[in-house]
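Visitor: In terms of the UniProt record's numbering, the sequence shown is residues 1 to 80.
Check each hint, because a few of them may be wrong.
Only pairs whose alpha carbons sit at most 20 angstroms apart, straight line, appear in this in silico SDA-like list of lysine to any residue [stated by the list, open to error]:
1) 76 with 8
2) 15 with 71
3) 20 with 46
4) 15 with 61
5) 5 with 24
6) 15 with 77
7) 24 with 12
Think of the hints as simulated: they come from the structure by calculation, not from any bench.
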Amino acid sequence: MDQSKYNEMEAMLHKLEDIKNSQKSIIDKINHVITDLFQHPDKDLEKAMEAAHEKASENVDKIREAIEEYEIKFNKAQQE
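Using the sequences and the hints given, assemble the complete structure.
Guide: Below, the structure is given as structure tokens:
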């Protein structure tokens with residue numbers, strides 16, 4: 001693999017990791033809101049936060065899968 005292709009693929013992996021970390025940060029913030037709702041209950045907001053938490057968790061899983069698949073391609077390309 002030439003150096004430019006290597007750099008391009010490595011940069012993509014870093015971007016994917018950043019996205020995953022951002023999603024994890026969103027989950028943490030949602031968890032803080034959910035925790036705050038114990039002190040100040042709001043059923044509608046609680047329901048919305050639970051749905052957002054579920055979707056964000058699904059996003060982390062999908063991004064993790066994408067990273068794993070891309071890492072496989074990256075490793076194969078390095079061996080060529």
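Visitor: Each hint should be assessed against the structure and marked as holding or not.
Guide: Structure-based check of each hint:
1. For the proposed pair residue 76 and residue 8, the alpha carbon gap of about 15 angstroms is at most 20 angstroms, so the pair holds.
2. Note on residue 15 and residue 71: the hinted pairing holds, with a Cα-Cα distance of about 13 angstroms set against a maximum of 20 angstroms.
3. Of the supplied pair hints, the one linking residue 20 and residue 46 is violated, its CA atoms being roughly 24 angstroms apart against a limit of 20 angstroms.
4. As the CA atoms of residue 15 and residue 61 are separated by approximately 16 angstroms, the hinted pair is consistent with the 20 angstroms bound.
5. Distance hint between residue 5 and residue 24 is unfulfilled; the C-alpha atoms sit about 29 angstroms from each other, more than 20 angstroms.
6. A distance of roughly 19 angstroms separates the Cα atoms of residue 15 and residue 77; the hinted pair therefore holds under the 20 angstroms criterion.
7. For the given pair, residue 24 sits about 19 angstroms from residue 12 by alpha-carbon distance, which is consistent with the 20 angstroms threshold.
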